[in-house]
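2 protein chains.
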Amino acid sequence: MDTEIANLLGALSLAVMDRIEQGAREVIGRGGETPAALIVIGYGEGMTNEKLRRILGLSHSGTVRLVDRLVSDQLVERRPGDDAREVALHLTPRGAAARKELMASRISAVASLLNVLSPAETKRLGTLIRDVLMRQDTSEMDRFTICRMCDDRVCTRCPLPTAKGKRGR
Amino acid sequence: MDTEIANLLGALSLAVMDRIEQGAREVIGRGGETPAALIVIGYGEGMTNEKLRRILGLSHSGTVRLVDRLVSDQLVERRPGDDAREVALHLTPRGAAARKELMASRISAVASLLNVLSPAETKRLGTLIRDVLMRQDTSEMDRFTICRMCDDRVCTRCPLPTAKGKRGR
DNA sequence: GCGCATATATGCGCAGCGCACATATATTTG
DNA sequence: CAAATATATGTGCGCTGCGCATATATGCGC
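Chains as they are written, first to last, in numbering that gives the first Met the number 0: chain A, 0 to 168; chain B, 0 to 168.
For the record, the hints were derived by calculation from the structure and aren't laboratory data. From the three backbone atoms N, C-alpha and C, an ideal C-beta is built for every residue, glycine too. Any given hint could be a false lead.
To be verified - Just a few of them, taken from the derived set where beta-carbon distance is under 10 Å, the chain B residues facing chain A:
| id | residue |
| --- | --- |
| 1 | Val63 |
| 2 | Arg84 |
| 3 | Val86 |
| 4 | Arg105 |
| 5 | Ser107 |
| 6 | Leu113 |
| 7 | Thr121 |
| 8 | Ile128 |
| 9 | Asp130 |
| 10 | Gln135 |
| 11 | Asp141 |
| 12 | Arg152 |
| 13 | Arg156 |
Using the sequences and the accompanying hints, generate a full structural model.
Quick look at the structure:
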């Protein structure tokens, strides 16, 4: 049955995200969309509050307060944007370091679940996951949303259609 | 690279959980571990607060307040347990209906991502996911935790070692 | 300049959760 | 059997994460 496989993927995804979120909380001491925000801000220089908001799927105020937390944790700083209405978000050195640690923690959390497969099985699984992602009908923003925790040092060929999922534009 | 595949699984898992959580919030108007709690309570009659706490990975008080919410939403009722210290949690008719809707929403959310694969590909993916889960080194409680959103009408042969993952015991 | 859209910030409140503590019932031990 | 201990639940309090409504500042078209 197809639903049985959907159920299995749901269970695996839950296990994966549990581990990712736990690791993220250990690294930066924050939960919710805060770790994703740190990663997204690092994709490009000068991410704005508004773009971040759309990628994370939060409200305006929620995003402002999230950035407040990142600023007070000295991981991010607000600089004036080219457009004087905008705030350009930049990682501090501490923020860049935390971001790297965050992504490493995420990869290692997933890998620890995955390393029970043989290399051949892993490769087959990778191909299938790539196919699933490649064939999704995603808007530009959807792609950034799905990729909001992705490790851009590792994801050199993002399968999502028509974008690399790497730039904060 | 192995880490590349880990990254892809992380991205897919995030997409899957985003959709599951959004659907759950639409069905019962609550987030966090509340939907999982409703599903877990439905696995068996007389789930206790303490067992629930361990499965969901929450604190005592967090669990009590979570159950308070379910009770005030008239989805769950507290009955005296066999052991007079325990509270036996039971779904109300409304709770059982919400639970079914919750699980259906979850399956359909995952299936909508998965239906881009051919039947043969889907089957291969199912086999690989089953292998990943089957080979995990999980404690008894880990299994309930991983299965805390599983649809017991669909998951007739849970791959997790040494248990069916179906009973609330 | 004026009206409107865009981007950010703030006041306020709620959901979800943990810590510390209190209470009630079982279980073990002397 | 009584006392100490373990187990299960409930409560006061506060924090994090977030949304709604509103206010302010800047850009853009006319």
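Now the hints, each set against the structure:
| no. | hint | result |
| --- | --- | --- |
| 1 | Val63 | violated, 21 Å |
| 2 | Arg84 | violated, 29 Å |
| 3 | Val86 | violated, 26 Å |
| 4 | Arg105 | holds, 6 Å |
| 5 | Ser107 | holds, 8 Å |
| 6 | Leu113 | holds, 6 Å |
| 7 | Thr121 | holds, 6 Å |
| 8 | Ile128 | holds, 5 Å |
| 9 | Asp130 | holds, 6 Å |
| 10 | Gln135 | holds, 7 Å |
| 11 | Asp141 | holds, 9 Å |
| 12 | Arg152 | holds, 9 Å |
| 13 | Arg156 | holds, 8 Å |
When each numbered hint is compared with the structure, violations occur for hints 1, 2 and 3.
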